[in-house]
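From first to last, the protein sequence lines are chains Y and V. Per the working numbering: the first sequence = residues 1 to 752. Per the working numbering: the second sequence = residues 1 to 151.
To be clear, the hints were calculated from the coordinates, so they are not data collected in a lab.
Computed far set for chain V versus chain Y, every beta-carbon distance over 10 Å:
(1) Gln-2
(2) Val-58
(3) Arg-62
(4) Gly-114
(5) Val-147
In silico contact screen, one side only, chain Y against chain V (beta carbon under 10 Å); selected entries:
(6) Val-237
(7) Phe-430
(8) Ser-459
(9) Glu-663
(10) Met-698
(11) Pro-702
Keep in mind it's a predicted model, so treat the numbers as computed, not measured. The C-beta atom is built at its ideal place from N, Cα and C for all residues, glycine as well.
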Amino acid sequence: MKRRSFLMTALGTGGALVVGWCFLPPRSRMGDRDTLPPRRDSVALNGWVRIERSGNVVLAMPRSEMGQGVHTALAMLLAEELDVPLGHVSLEQAPTDAIYGNVATLVGSLPFHPDQRNSAKVRASEWIVSKIGRELGLQITGGSSSVRDAWLPIRHAGAAARAMLIEAAARTWKVAPGECSVVEGVVRQVDGRRLEFGELVGKLREVPIPGEVTLKDPKRFALIGTPAPRLDVPDKVTGRARFGIDVRLPGMLYAAVLTCPTLGGTLRSFDGDAALAVPGVVRVSQLSSAAGSAPGVAVVANSWWRATQALDKVRVDWDPGPHAGLASAALISDMQRALEAEPGVTLYRRGKGEAALLDAINVFGAEYRAPYLAHATMEPMNCTAQFGGGRLRIWAPTQAPSIVRDVAARAAGIPADRVEVNVTLLGGGFGRRLEVDFVPQALWIARDVSPAPVQLIWSREEDMTRDFYRPAALARMRAGLDGQRMPFAWVTRTVSDAIVPQYLARTYPLLALDMPDRTTIEGLFDQSYEFAHRQCSHVTYRSAVPVGSWRSVGHSHNAFFTESFIDELAYEAKLDPYDFRRILLARHPRHRTLLEYAAVKAGWGRPPNGRAQGIAMHECFGTIVAQVAEVSVANGAIRVHRVVCAVDCGTVVNPDIIAQQMESGVVFGLTAALYGEITLKDGRVEQRNFPQYDMVRMANAPIVETYLLPNGGTPGGIGEPGTPPIAPAVANAVYRLTGKRLRSLPLRLQAQ
Amino acid sequence: MQLNVNGKTVEVDADPSMPLLWVLRELLGLTGTKYACGIGVCGACTVLIDGRAMRSCVVAVREAAGDIRTIEGLGGEMLHALQQAWIDRQVPQCGYCQSGMLMAAAALVAQNAGPSDAQIDAAITNICRCGTYQRVRDGIRIAVRSVRRTL
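One chain only, chain Y, in its complex shape (with noise of 0.2 Å):
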């Protein structure tokens, strides 16, 4: 398929939605004063602002807090424009309402290369998905993309919010609201006096929401830029702060769940009375399958625990199902098969694609390997629910709450506006937890035991053997050489499974469309190196093995893939891999420099003795971030000692959250690189716990250092683009010190 119709496709299936788009009047993402629930001694100024008689601003928040700082940054964006300490910004959950739709992370799905960002046919597409995702309206923290999204509404709210507060002060003084401002949360008149926010709230209530607001010059900011602090550190210091598993409700059940161990198995039959008669059980329910779940039974109990241990008890006989002879080593060489006789679709092609490789003096290939990944969040997967007068009411640690209702409506079958998605702290989400799997099952055990509230909580076994997994993928990387055996052709075959139609089957089946998948060749066909002729081509391969977005998603293999290759065609014309990377980058010079800052930072070419540097760079989400790994080796085992990250996200919001982030990318990076694997065995995953998926730990994380490169303009990324570039990193330092090119996720050396 040409990229041309790769992108209709893209379209054709936002076309249906755009149908109930066209009927809708235009409108901001502002919201009204009636988008917020009314609430006692406060008024909403718009869909995002309320303020409380006891002065305290509160910000609509439609994003998950997972770690990567998003509470905080929001609130910085609105503090700024309304010129409020940032400890004045409290938080509530935004209700359900388009306005707080993720728009930047449908635009950011587009299948275009970043060279293109300027075109004319660019800016049309991502007008016409942004006007989709405004009415489509999800509620959605993924891609890296919530700052992207909220640069402006929020930022707009709030300068509409302080316009109004500045128009209740001057109509309480009467004068003109050119003699007044607002300074540190305080409107103040030129004369000296001055009102509390909360002294204007009854007036407030008189003041339209202006229709114009004009945007602090970014010259001006006070705030954005700063490293505040963040908003939910003080409470996760003392054990405040509350997570999905930390949900107490009155008479709350808990309830444990054992699901088909095997892959599209399914269950037979059960015996649950010996279960029963545990004390404190009370109930031992089946449960079929949705949005991806598997079917099991669970034991609902008075203590998880307890249910855990009856749990044991319960006598399930499992129907294996057609996959259980699967076994990783048998997938690996299907997919092997399947990359050698399988031309597969191609995504992206420029110049003549992979006809250039006839002109060439030499082609160039190598093949390269990465398994499955399980997320391993910390906090396991769990979901409380409450049902009861044909109301359901859901707390979860979820990336996507519009998905939540949308599914537990179907699953419950009551209309989505009876079931109310409270969202928790997340413990971790790195993708997990945009699946909604865990809600159905909790819904129906809450059913069983209605109207007591339930709280279903997986045992880490259970988490780590159902989870979506990072695709394994295969991929073979040729590159045209000239005559100066300097390449000018880029054509890349992958295979792997798609994750995008997956996805769409299990939450929302009547758009899953057979579709190419962007995610499958992000990361080889939208990199700015300068090659003539370029050709991506994947190839879909469909195991039985479950698949979903594992942060930085196709860029976490595909960036090994890419970065590993240029580090080997480097080596074939004799350069350096830094000099080798900027003569690639003639004609980018955002990037070159961004990759001569990272090289000046560490110190490339001068690596403390029996140590070696490698160097990558990759952008994706908006942010390109090039990273040198120092590394050494010793007895086979592979040691990272320090990271340099050199980061270019366009205008800072938060450095320090930056850095949080880049040093929290490396390390789950890192932990990919170095130990990550899910293997099958008899159609079972066979990591059951932490043992045997081990993690980069205290005693060998390795220092990170971030140094920021600020460009203006809008935000890129940043929970996600520090992942992808440490793989290749380590592993290019690896080669330089040992010689031995590791093509293969994890990078393992055989012992000395």
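For chain Y, the structure is supplied; the task is to place chain V on it using the hints.
Below, chain V without anything else, positioned relative to chain Y:
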């Protein structure tokens, strides 16, 4: 049975084999201590028993004789020096593992007022999926320095 939790004697009606973690979370409402692996390998459930860091998901409540201290009781009226250092260094991200991190660090600094890097590595084996390790290390150092200053 009686337990001594955060300086108070409390009466709990629990199966003696119930892990301390679930007694704290379900019977005493102390939800700051977290479940993550259930087999004592990740450290999210770390509490202090008589000053020693224990993984409460594998300690049966009948064995939990002694002074039990959870994250809720780490600081008393004031923040513990480690909690303040965690704020100063902005350690937590998702925060789920941080109660356990703080309790493990508290046991370390109570025994060793100047831990070396290797001693920190040996004492803090908790898993943090957000990768806050270098800030945890910094936080321990900041806390140790601040305590020395106030002495």
